[in-house]
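Undergrad: Chains H and C, in that order, are what the protein sequence lines are. The working numbering numbers the first residue of the first sequence as 1 and each following residue consecutively. The working numbering numbers the first residue of the second sequence as 122 and each following residue consecutively.
Hints in this document: simulated from the structure, not taken from any laboratory. Please read these numbers as outputs of a predicted model, since none were measured by experiment. Glycine included, every Cβ here is placed at the ideal spot set by N, Cα and C. Please note that the accuracy of each hint is not assured.
[As the list claims (entries may be wrong)] With a cut-off of at most 25 Å between alpha-carbon atoms, the simulated SDA-like pairs for lysine to any residue come out as follows:
hint	chain 1	residue 1	chain 2	residue 2
1	C	Lys359	C	Ile188
2	H	Lys104	C	Arg224
3	H	Lys27	H	Glu109
4	H	Lys77	C	Thr292
5	H	Lys27	H	Asp9
6	H	Lys15	C	His280
7	H	Lys104	C	Gln290
8	H	Lys2	C	Gln290
9	H	Lys104	C	Arg299
10	H	Lys77	C	Gln291
11	H	Lys104	C	Glu195
12	C	Lys164	C	Leu174
13	H	Lys104	C	Lys164
14	H	Lys104	C	Thr279
15	H	Lys77	C	His280
16	H	Lys27	C	Gly288
17	H	Lys104	C	Glu275
18	H	Lys104	C	Asn193
19	H	Lys11	H	Glu36
20	C	Lys346	C	Ser184
21	H	Lys77	H	Met1
22	H	Lys65	C	Ile293
23	H	Lys104	C	Gly300
24	H	Lys104	C	Lys346
25	H	Lys15	H	Gln43
26	H	Lys104	C	Ile277
[Stated by the list, open to error] To spell it out: a stretch of chain C is covered by chain H in this simulated footprint if at least three of its residues, at any positions, have a beta carbon under 8 Å from a beta carbon of chain H; those stretches are:
hint	segment
27	138–149
28	291–301
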Amino acid sequence: MKTCLIVDDSKVIRKVARHILETLDFKVEEAGDGKEALSFCEQTMPDVVLLDWNMPVMSGMEFLKLLRQGGHANQPKVVFCTTENDMAHIRAALEAGADEYVMKPFDRETLHVKLQLVGVA
Amino acid sequence: MAISDSSSRILAGLLEARTGQQLTMSRRWRIETALSGLMRQRKIASIDELITLLVMNRDARLSDEVIEALLNNETYFFRDRAPFDMLQRELLPAVRNARLAERKLAIWSAGCSTGQEAYSIAMMIAEDPLAWAGWEIEIVGTDVSRTVTDRAREGIFTHFEVQRGLGIQQTIRWFEERGDQWAVVDQIRDMVRFEARNLFDAPPRPGQFDLILCRNVLLYFCNAKRRDAFDRMASALKPDGGLLLGAGETVIGQTERFAADRSMRGIYRLAGGRDADRRATGS
Ligand SMILES: C[S@@+](CC[C@H](N)C(=O)[O-])C[C@H]1O[C@@H](n2cnc3c(N)ncnc32)[C@H](O)[C@@H]1O
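Just chain H, same shape as in the assembly:
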């Protein structure tokens, strides 16, 4: 079973995403901001991270840069999942090392395909 770390400051979004991911057979972990996510990853690397952009304490972008620079072995796939829905944000995310990008709102089908495309579903 693959592990997905959901990083989002909204409880509601985490709940919805958890529900979808569980139906797709993922073991789900949660973090409320980038910093929490980073300490989670230092313990155990998930297979994939579903990452919000704007969060208090540490943004998704900062988290992603630190994660990719950290020289960690077995880097997880990172799927941004955000309301930042424009080309500039998308390009910046891909440049920083994101593998996929989901624009909110999304549904199960969308997430499933994105996870297939990055090779974890």
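With the hints as your guide, set chain C with the ligand onto chain H.
TA: The following block gives chain C with the ligand in isolation, referenced to the frame of chain H:
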């Protein structure tokens, strides 16, 4: 407010007569929701009033609009993925080999809704420019609903629509931002033509196709209409052409005109055709 049996029968009858689509019991539930937007727009207060107007038949556009509202237009890019992978890896290369002399390719998306299926094919071909350089390629999408073919032709999609089925690399390669929507780039839009056309009318130009996609359309047809639709598609298919249906759909027990291709999963060939024979004997 429940819609009366007689009203739902009239609406179901209208839909089936025009499109072949049956309104199953479970979908009858949704009639009111489906029609509420149209009724608000037209300032029609109740289903009964709508039925009266339909029966008086003074406004041809109204019955078109009712039918369009009752149709299920659900679609997304590269729907179900696997069949598109198969097209890319197996069917398109095989068709390409068979047509090397004339370098012409014709593909029909029958029941194309808002165009995602036809555009998916166009992207697939555009992503393999070396294979298709110098080819004359026609991709045609048709649908009985003019509303959806107009939208398909515009090629403008919401965030939600554009990412359903598409990877982000494909999104940024083949779409550009248009306000807070996404417009398919001209290169892709120019590869596809859309027409409002009923499956029970003549097929679109050029009339004979290498590949017909008719996915998630025949599901709700009664058997006789489905058979008729298969006959029409059989006549519009080149002798060695292929038909692709939706994930849960089959020709088995529906028509004698088509038989499953032995090696390409989900592809149907003209039964008794040259190609079917060759495949059946494995030569
Ligand atoms: C559920 S959508 C499927 C769209 C696309 N083929 C796909 O698989 O994603 C079915 C479409 O078939 C169209 N349709 C239904 N009856 C039709 C008919 N008799 N002739 C042409 N199109 C029809 C509907 O308007 C609708 O847009």
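Undergrad: If a hint holds in the structure, say so; if it does not, say that too.
TA: Results of checking the hints against the structure:
1. Lys359(C) - Ile188(C): Distance ~32 Å between Lys359(C) and Ile188(C) Cα, so the pair is violated.
2. Lys104(H) - Arg224(C): Answer violated: Lys104(H) to Arg224(C) is near 43 Å, above 25 Å.
3. Lys27(H) - Glu109(H): It holds: about 18 Å lies between the C-alpha atoms, which stays within 25 Å.
4. Lys77(H) - Thr292(C): Within the cut-off at roughly 19 Å; holds.
5. Lys27(H) - Asp9(H): Distance of about 19 Å is within 25 Å: holds.
6. Lys15(H) - His280(C): With Cα atoms ~22 Å apart, Lys15(H) and His280(C) stay inside 25 Å; holds.
7. Lys104(H) - Gln290(C): 17 Å, holds
8. Lys2(H) - Gln290(C): Holds, because 24 Å separates the two Cα atoms, which is no more than 25 Å.
9. Lys104(H) - Arg299(C): 18 Å, holds
10. Lys77(H) - Gln291(C): 18 Å, holds
11. Lys104(H) - Glu195(C): 19 Å, holds
12. Lys164(C) - Leu174(C): 12 Å, holds
13. Lys104(H) - Lys164(C): 34 Å, violated
14. Lys104(H) - Thr279(C): 11 Å, holds
15. Lys77(H) - His280(C): OK: Lys77(H) and His280(C) at ~22 Å, within 25 Å.
16. Lys27(H) - Gly288(C): 23 Å, holds
17. Lys104(H) - Glu275(C): 23 Å, holds
18. Lys104(H) - Asn193(C): Given pair Lys104(H), Asn193(C) holds - Cα atoms ~24 Å apart, limit 25 Å.
19. Lys11(H) - Glu36(H): It holds: about 14 Å lies between the C-alpha atoms, which stays within 25 Å.
20. Lys346(C) - Ser184(C): Given pair Lys346(C), Ser184(C) holds - Cα atoms ~21 Å apart, limit 25 Å.
21. Lys77(H) - Met1(H): 15 Å, holds
22. Lys65(H) - Ile293(C): 22 Å, holds
23. Lys104(H) - Gly300(C): Roughly 16 Å separates the two Cα atoms, so the pair holds.
24. Lys104(H) - Lys346(C): 40 Å, violated
25. Lys15(H) - Gln43(H): Holds, at about 23 Å.
26. Lys104(H) - Ile277(C): 18 Å, holds
27. 138–149: Since three or more residues must qualify, the claim that chain H covers the segment 138–149 of chain C is violated, with 0 doing so at under 8 Å.
28. 291–301: The restraint on the segment 291–301 of chain C holds, since 5 of its residues have a Cβ under 8 Å from chain H and three suffice.
Hints 1, 2, 13, 24, 27 from the earlier list are contradicted by this structure; the remaining hints agree with it.
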